[in-house]
Amino acid sequence: MPEAGRIVRVVGGRGGALIILFGLLVVFTIASEDFLTSNNLLNILRQYSVPLILAVGQTLVIVSRGIDLSVASTAALSGSVMGVAFAHWGWAEPLCLALGVAAGFAVGAFNGFVITRFHVPDFIATLGTFTAVRGVALLITDGLPVPDFQRAVEGRTVPGSVTTLGSEELAGIPVIAIVALACVLVGALILGRTRLGRSAYAIGGNPDAARVSGIRVERSKMQIYMLSGVLAAVAGFMLVGRQGSANALMGEGMELQSIAAVVIGGTNLFGGEGRVSGTVIGILVIGVLSNGLAIVGVAEFWQRVINGLIIVAVVALDQWRRRAARAGA
Amino acid sequence: MTPLLRVSGVSKAFAGVQALSGVDLAVDPGEVHALLGQNGAGKSTLMKIIAGDLEPDAGTVEVDGDVGIVYQELSLVPQRSIAENVLMGRWPMRFAGRLVDWKALRERAAVHLERVGFGADPSTPVAELGMAERQLVELAKALSVDARVLLLDEPTSALSEPEGRRLFEIIGELRRQGVAIVYVSHHLAEIVEISDRVTVLRDGKLVDTVPTAGLDEQKLAQMMVGRATTLMEAHAEERAADGRPVALRASRLARPPRLKPVDLEVAEGEIVGVFGLVGAGRSRLAKALFGLEPATEGTLEVLGRERRIRSPDQAIAAGMGYVGEDRQAGLVPRMSVAANITLAALGKVSRGPLLRFGDERSEADRVIEALGIRAASIDSTVDELSGGNQQKVVLARWSCAGARVLLLDDPTRGIDVGAKEEVFRLVRRLASEGVAILYLTSEIREARALSDRLLVMSDGRIVAEVAPSAPEDEIMAAAGGVHA
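As they're listed, the protein sequences go chains A and B.
For the first sequence, the numbering used here gives the first residue as 1, with consecutive numbering after it.
For the second sequence, the numbering used here gives the first residue as 1, with consecutive numbering after it.
One or more of the hints may lead you astray.
[To be verified] One side only, chain B facing chain A, incomplete, derived with CB under 8 angstroms:
1. Pro-312
2. Asp-313
3. Ile-316
4. Ala-329
5. Gly-330
6. Val-332
7. Pro-333
8. Arg-334
9. Met-335
10. Ala-339
11. Leu-343
12. Ala-344
13. Leu-346
14. Pro-353
15. Arg-397
Honestly, the hints are just simulated from the structure, not real lab data.
Glycine included, each C-beta is placed from N, C-alpha and C at the ideal position.
Just chain B, with the same shape it has in the complex (with noise of 0.2 angstroms):
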């Protein structure tokens, strides 16, 4: 079979850095090929040079017929339809090029939109549709040029399980028409299931091009990371949580109509984990904690106090820290490391209103060692940073609080198998010191592997609470009960 795409020795450096050397990469007609790397191994690269948007240095990209995309942030316009989304600056015209020809655009966009299987009204907004729904328009969009090769970059990051499902069940559709497909994701269990031959990279070079038939995700990410991993077989021993205090604890805690009442208990030193699919309210409950998005009812105490949080300087000063399930919103990007790990702690690094740089210096240097943040300095700015060590840096800032109640909305979303093991790790150890920890989390593993109880989320409220060595289909069902 001839490949539809063919990369052939493919480099590319920037300002002296290697990310590319020498790739081959080979997709035949109705292959699903999975492209698997740490953060930095070069895939985005790679994907930029075959989608056109980045010259490499040496080598050639030859790619049979067109090339759609599918980028992990959507590029839609939500204020307008569908169908206008889908065929974007290709809209049939009329009266010789001077009119949009609305009819004929709704038709054609239907045509794309049936191939995905997404039967809604062309000329609804993009606005009005859920995440899942948007993926499928983004999905027609990229078909919709006729694209032979087709690009997704973490398809599913945005997506709840079942909503993965339809996209798996779309790509298998979409192989059986002949279309090849590159597809990129951190998640080993999706490439797996899904592609049919796996190529890894590790530092911009090519480490090998295997089927995927016969592998499993441990051999996945031993081959991401170079060396045996003990992924998430680490299991927390089951740490009885009896005789400490409770560090916080909410009683008929709400905020109508999409977060219910919520009553939960977590014991100093006690990692407590929320597991609960996209949209069951995981977010709201942790943004209600720590005055995000306020509670209106109910009760909450921090560290044996009761507490009314209504802004998140109120839980800081309560105590509490909270990690938000996207990192580049509790990053200042321009800032340096050292200023953001302090961002939290202002009053401990000045005097009064004067900063003292030297205070702030030796804080920075004390959890940048403590947490093994790997940062040039601590005055490179934080956008410099892997997303791992981004991701540490807002762990560091809670340190450097001082917080003895942490709120962690899937703090390891988006980086990749290496960091997400130092993240735990650090969750372990933070825990170990006594901080009291509620891990919200959409990835049944991880909240397998680091709770020690664990609590179940459906439809904004809490419906169980589950031991973490449950078997996975007993917490999914758990966890889609009651909306199924």
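Chain A on its own, in the form it takes in the complex (with noise of 0.2 angstroms):
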């Protein structure tokens, strides 16, 4: 059945995401009228940038045949510490920033390290850097709001230009989904025209195959890694600029939206296939639905319970046209 076999195709992976995308736009439009408008839109724009900036790296590291599960902490760690080095420590601004760059690649390097020096399964070791990572940004902010008033070098607050990233608009577009936007195509990019990008998606198709090819396998995880941790700490950083301040227990639970937006968006959660572009269509499924929800006003509770069997949903019509795809071949 040639015709059902096409459908399949159509209907599964970044496809399958799409189409419901599009169902919950067109679902939302009728049932509110206050859903499209360019406010709100913008709205879920301003709200979303940051998980898909977490989620450009998760695609990474999924499609390498990774998990991380430490990028929302690592983006506060990231946006904590650069916080305390601008306001309590006085630092100059680029050097903070800096530093919020280097926590965020120092925690992927860690990640790598532990998972291709000491063989600890990629789940474990992110799991653990989850917790301990946010520890670690509990003790450099004594677990209260930076700026701190009584700790704060007179005059400081947040970098401007993290503000200036994080909740400014340029030309009505908040600046924010413009970062997210340069993350994603930087992230696709990587993914899909770079050495490293090849070799991420030859580790999680076939790592022995990718082994006897001459790739390093290692060390492009360890790179794949970093990666992440780097856009985590970007992330941190409009985290920061939107709030106007940082604090440690920021964008928790954001970890596992973009896992689920990887996994929304076609990437396969076990490697080796997937895209940024799905990705992208993975949050915004995510995003239209909490807001559409909320503006449709359906009980928070509620809201929870559909977004959860949303993915679960997604994800099961994906495995079901792999199965339908491998069948028909």
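Now that you have both chains on their own, put them together as the hints suggest.
Written out as structure tokens, the structure is:
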């Protein structure tokens, strides 16, 4: 049945997420006149730019058969460190940004190191840093919001560049969305057009084959985790910019959101297949769904139930598509 | 005699492609019936239909009793005991079916194990068994459902020759017990030896069913491919390697305890065969040379330079390439043909960190053309190709990477006769272009047919160098000499 096969192929993967996204847009537009307004749509962009940045790094990690549970904690650490260095220590702005990026880089390097040198499974290694990194962020901030006005250097709050990127607008478009778009483009370039990206697909598709073909599997995995850490740092800055302060508990739960977006976007959770463009659609599905449910007045507890079930449904659809495609082959 | 298995007019199509059309097959009690055909001839589909895993589009399958199956890939749970595996999911229970009756389990399993002549303690975990022993457990498991029809899919592919012998004795015993056996294999010699009748499939159609008596391998190969074939007659003319520079030289190369010190030399353009039975250390030698299991002792010289090779990327940088015995382990299944081909030569198709897709395509096109790979497109994923073409993709990868020394470890394993011949031709052609080839195999004929020089391995060391034209029994004797 080639007809059915074609439909199955279009509906699955990125296509599946795209159709669901479209369906959600239609439903919410009909259900509430407040949904399809430029104000509301810009709101979604503002709200989901940070998870999107995390999800870009997550895509690279998952394509190479890894998983990074530490991204949200890393974002909180980078944002906090940057904030503390600026407000409490009085460092120069560029140094603060560099320190935040270095923190993200270091967490990624630590993840990569533990995974490749000590053969700790990716899930466990990043589950460890998920908790430990949040702990470090709490230590650095004493669990208080930054800037803490008793300790802040006179006149210091949040670096100007971070505020600009995180909460201002450019020609009516939130700058934070432009930053997210830049991260998407960089992620897509790396995954689709570089040797590192090709290595990620090969490692995810068959690590033995990658090794035999001369790909330095450990080094590549290390680089991918470091990249994820750096993107998490950028996400952390954006969080700080958006809320005008840093705290060690910000971004909680976003690691799961990022994984969900990657998987909804058609990336194989077991590696080897997937694209950054799919992840963008995945984040939009999550964002539009949450926003739409709130707007049409679904109770918050129900929103959680529906959000969760949609993730399962999309992946079930994807699995069904893969099976159907295989049976047809 | 009434057949225990009768397949009549079975047809099956997948997505418009006819996999089987109107196939008949009848197997009598006590008969070993070989099923022969190239990859894609429809053997697996037919087996699945007989086993009840697939519904035929047309036709019928009548089976008297149950069907037991031994698949090519073993289906045991390594962490559990032999007994549990044999009676998997059908464990004797007690206390109203709530607890496993371990004693009864062991006793019942022992009965089935005895039928296949396997005397190990049934409470041993399967993980502690060798391949051959696992195969016997698999066989006992298949028989434990009181199967009167047994399907054996390439049962010897993981076995060494003596182990294969033992399996044949057991098959003989089962035949005496009146079991009807369908035997699928690529090994023509085995089919000649073990089967009573043979059914040949080609392109999903029945070619013929004939008594095996009086057939030889040449004849069988002909029926399979539908044309006269030179099979392995095309003996390489013995080319002297004198005067050509040595491309690969190992001196006392070792990784104790499994790989003992090995000395060998391969000249440019030379094919050096290494024959060894399963467990002789062939694969270990190849892996040590390529840095997959780096040697810990001795020295290695590649293309005139001494190299310490600790990982495959170093081996590749030194000019080497490697094809492992497990084809699947070398390919990235969901990646395109082009990407698989250029995987070991990413530097060649990129500028800095950026890939250049134009270069990649032209590079892939060039080697696909040169090696005669049949793929719908270079953008098809590699898992859509037939086994033979997949193996050629792996070879193409090294051609693309410009490897001057190739280590081929049983590269024809599990591919059909026609594809095998093509692989042979390719190997010879690469050699004629000056590539030094170390060809490791457990198939004595391949070793004789391809090698310019032939080394024999046993028990982790090279035990003899023999002339490729030496009689098979002499080579086999050398291979079995040490541990017999």
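Original post:
Hints broken by the structure, by number, lowest first?
Top reply: none
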